[in-house]
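Protein chains in written order, with this note's numbering: chain A, 1 to 573; chain B, 1 to 272.
For the record, the hints were derived by calculation from the structure and aren't laboratory data.
Note that the coordinates shown come from a computational prediction; the quantities given were computed from them, not determined experimentally.
Beta carbons are placed, not taken as given, at the ideal position from N, Cα and C, and that holds for glycine.
Check the hints yourself; a few may be wrong.
Claimed, not checked - Taking beta-carbon pairs under 8 Å as the criterion, some of the chain B residues facing chain A (in silico):
#, residue
1, S2
2, L4
3, A8
4, S22
5, F35
6, I36
7, Y59
8, I74
9, V81
10, D83
11, V160
12, D174
13, H213
14, S216
15, W223
Stated by the list, open to error - With a Cα cut of at most 25 Å, we get these calculated SDA-like pairs of lysine to any residue:
#, chain 1, residue 1, chain 2, residue 2
16, A, K360, B, L73
17, A, K482, B, T203
18, B, K48, A, E438
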Amino acid sequence: MTYAHGKHAAPTTFLSKYVFSYDHKVIGKQFLWYGIFFLGIGGMMALLIRWTLAFPGEAFPVLGPLLFPYTDGVVPPDTYSMLFTLHGTIMIFFAITPILIGAFGNYCIPLMIGARDMAFPLFNMLSFHIAVISGVLLLASLFTPMGGAAGGWTSYPTLSTLVGSPGSGQTLWCLSIFVLGVSSTMGAVNYITTVICFRAPGMGYFDMPLTIWGLWLTAILNAIFLPVLGAGVMLLTFDRVFGTTFFLAGAAATSGSGDPILFQHVFWIFGHPEVYILILPAWGMVSDFLSFFARKPAFGAKATALSMTTITILSTLVYGHHMFTTQMSPLLTQTFMTLTMTISIPSAILFANWLGTLYKGSIRFDSPMLFSLGVVFVFGLGGLTGLYLGTVSTDLYLHDTYFVVGHFHYTMAASVLLGGFAGTYFWFPKMFGRMMDEKLAKIHFWITMIGLNGVFMGMMVVGFAGMHRRLYNPFVYEFLEKLIPINKFITYSALLMGVGQLPFVWNFVYSLYKGKKAPQNPWEVGTLEWTIPSPPIHYNFEEIPTVKCGPHEFGNPNLKDGRDFQYQTEELV
Amino acid sequence: MSFLERIAPPEIISTNGHLIDSLFMYTTVMATIFFIFVCLGLFGFSYKYSAKRNKKVDYTYGNRKKQLKATLLIGILVFVVIDLTITYRSNNDMIAEFWNFPKADEDITRIEVLAQQWMWNFRHAGADGEFNTADDVLSNHDLHIPVGKKVEFRITSKDVIHSLFFPNARIKVDAMPGRISRLWFEPTKTGVYDIACAEMCGTHHYKMQAKLHVHSPEDYAAWKAEAEQLAIIGNDTENIDNYWGWQWETSGKEDLAKNSENDESVVMKENN
């Protein structure tokens, strides 16, 4: 791709450099700060939820009396509903999406495919600014007279219509999600175009790093399915504001009956691909990092890319397994069950390839590698526990229990979080030109690993014992009383995990200013972003590179100059 | 209480609940075996091929025919051994049991359920055996059924979506406004058990519980006789909250055919 119009000069003022920036690197960092901010809020909400489940009726220490003065620091039941609703919403749409897709997508795509910027820089900038508007709408909903949305992140009608949520918080929630959809769709269109049109000369699709494959497939799913969610929440907004009855039925549907189940279909047509939207970038990164740090070409890289593509396609066909208890027709149920099961073929291939990459490698246990190995472990657990929920009969029992919560946290929270940390440790030197502290990173890894397995394994255990989701006080049920000690264990694990993030925060902030200066290529990796200085110059590449080999060239016996890797710009020896 | 007792799911009181537990256990065994392989690879290779112990790497793309075949074989093996097996078993269980609703002429207990924020309403047909008549036995929070006899529920909701969950029978079904869903099981044990709402239905979702009283046939007959008497005396015909029942529609092809014949006859009569 040639830049016929030449390069613009680098911006100099604060506003043009950090706020209204067209530079994909700056926008990537903006999304990173934005995501980390919301990750903190969502994490605090998780602790409040966990506290309530382990110590029902007891005041939340320190912060409780400030937040809930009318109940002496105890989380009230209506606030509890808002907490789990917004915890889900924030973590999915405002933390994981901006970090994995917004930050790494923006930062890595042009650098790794050898482009000077995204295809539509203005779109890119607007995508962040619109995401900010969406975040403001969501936070504003907390300050409405009846509080924020409280119908669960799935916001099933009729609970999310005026029948169940009369406050304007739910309306603001709908608008916030709609606006965020606009932002993400803009980003997605941008990523897709950039990957198709801006790859450096010589770079075929299978010469792209698998990170780019993951981000690109994610963008495709985002572009197709976020508008579906947008349509759904817009119809819900109509029901709430303009008195339509798309999703109303029962006693409240006085002017004609709609169907609340229709919303569930619309929601999960988007919602199931969303799971893969979140996990695909992490898969891509992990597939790359395992090869980078095992100093060995990615085993079956093409098969990995094609498996990810297969999963992308299959993910659009299986959404019905979220709705088995709505009693769909048996034929539909059987179809969705069988289609869901087929996903395990490409998933098993992914695992085989990951382990194949490690086999006979020379593995360096730097922090990005540790986190990547962590992803393989937790995603193994998350993927396998999905089997129980894709099976109709076991789902009859497990649906809406904590087993589901544990399962999707393993896949969406644990895997994605660990993948995000791996990416942060890996690209931090490129982003900020300084190294993060390895020792703190390793402490962070082990505490996080122990904490999150305690939390999510514990959740699956109480789920199988029958504890269902979204209960303010589960122990009003006699058969759940025996689970109090396990719930306490989960909460202690969650606290441990929360504390475990402090080394990360300290490491991140300290390294930002005082970290060791990063060399151009600290990890000795051959992809294009490591051929340029850290941090990269404005417009990344002095000259657009020509790609001559794949991204995973390690351990080639023909290499003679003491290096065990070669850059993508070099002819394969 | 030992740890295993603590994490055990509630006692099974239905004829088919064990099917779900046994499929759960089967899946657990298969998943554990597969996960052990993953861990062997993950930890074993990490140990054996760490940079300290292994300097020379095997330079391969993993795209030789043999390697591709092995990878694909793993994929298909997992699919056949785990997925197809559990799908097959689950499907058989569903068709033989959970979707195999009692026939119209079977002697079963029939109950209509109305969910509302935050209460379960139950309706027995009363002395005349017809639903939605003045002598129906109405109850909330407490459901009485006899042991050893199939019980079928027809469920709907007044306001938001709820979910009728019998932890001891391992089943649940959503209660949706505008739709009638169905559920059946056959209790095998007398006693008092929990009924839960499993779908988030608002602030007091957690309080939306009811009790399931499974009686011996004699006790049930005694309870029912008394309840029917009380219903005839006590049902307040002025109270609109009592008017939520519907006629019990029988299902199955023959019944449908019968219904449509009836409809025609009605039309004919009107024409005449």
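Evaluation of the provided hints:
Because the smallest distance between the Cβ of B/S2 and any Cβ of chain A comes to about 11 Å, over 8 Å, the interface hint for this residue is violated. Taken as an interface hint, B/L4 does not check out: its beta carbon lies about 11 Å from the nearest beta carbon of chain A, beyond 8 Å. For B/A8, the interface hint holds, since its Cβ comes within 8 Å of a Cβ in chain A; the closest pair sits about 7 Å apart. Interface hint at B/S22: violated, since its Cβ lies 10 Å from the closest Cβ of chain A, which is beyond the 8 Å cut-off.
For B/F35, the shortest C-beta to C-beta distance to chain A is roughly 5 Å, which falls under 8 Å, so the interface hint holds. For B/I36, the shortest C-beta to C-beta distance to chain A is roughly 10 Å, which exceeds 8 Å, and the interface hint is violated. With a cut of 8 Å, the hint placing B/Y59 at the interface with chain A holds, because the nearest CB-to-CB distance is about 5 Å. Contact between B/I74 and chain A, as hinted, is supported at the beta carbon level, the nearest pair being about 5 Å apart and thus within 8 Å.
The interface hint given for B/V81 is violated, since its Cβ lies 10 Å from the closest Cβ of chain A, which is over the 8 Å cut-off. A cut of 8 Å between beta carbons decides the hint on B/D83: the least distance to chain A is about 4 Å, and the hint holds. The interface hint given for B/V160 is met, as the beta carbon of that residue sits about 4 Å from the closest beta carbon of chain A, less than 8 Å. Satisfaction of the interface hint for B/D174 is found here, the shortest Cβ-Cβ separation to chain A being roughly 5 Å, below the 8 Å cut-off.
The beta carbon of B/H213 is not positioned within 8 Å of any beta carbon in chain A (closest approach about 14 Å), and the interface hint is therefore violated. Because the closest C-beta pair between B/S216 and chain A is about 22 Å apart, greater than 8 Å, the hint is violated. Hint status for B/W223 relative to chain A: violated, with the closest Cβ pair at about 21 Å, above 8 Å. Restraint check: the Cα-Cα separation between A/K360 and B/L73 comes to about 21 Å, which is no more than 25 Å; the hinted pair holds.
Annotation: proposed proximity of A/K482 to B/T203 holds, straight-line Cα distance about 24 Å (limit 25 Å). Using a Cα cut-off of 25 Å, the hinted pair B/K48 and A/E438 holds, with the two alpha carbons roughly 23 Å apart.
This entry does not satisfy hints 1, 2, 4, 6, 9, 13, 14, 15, going by the numbered hints stated previously.
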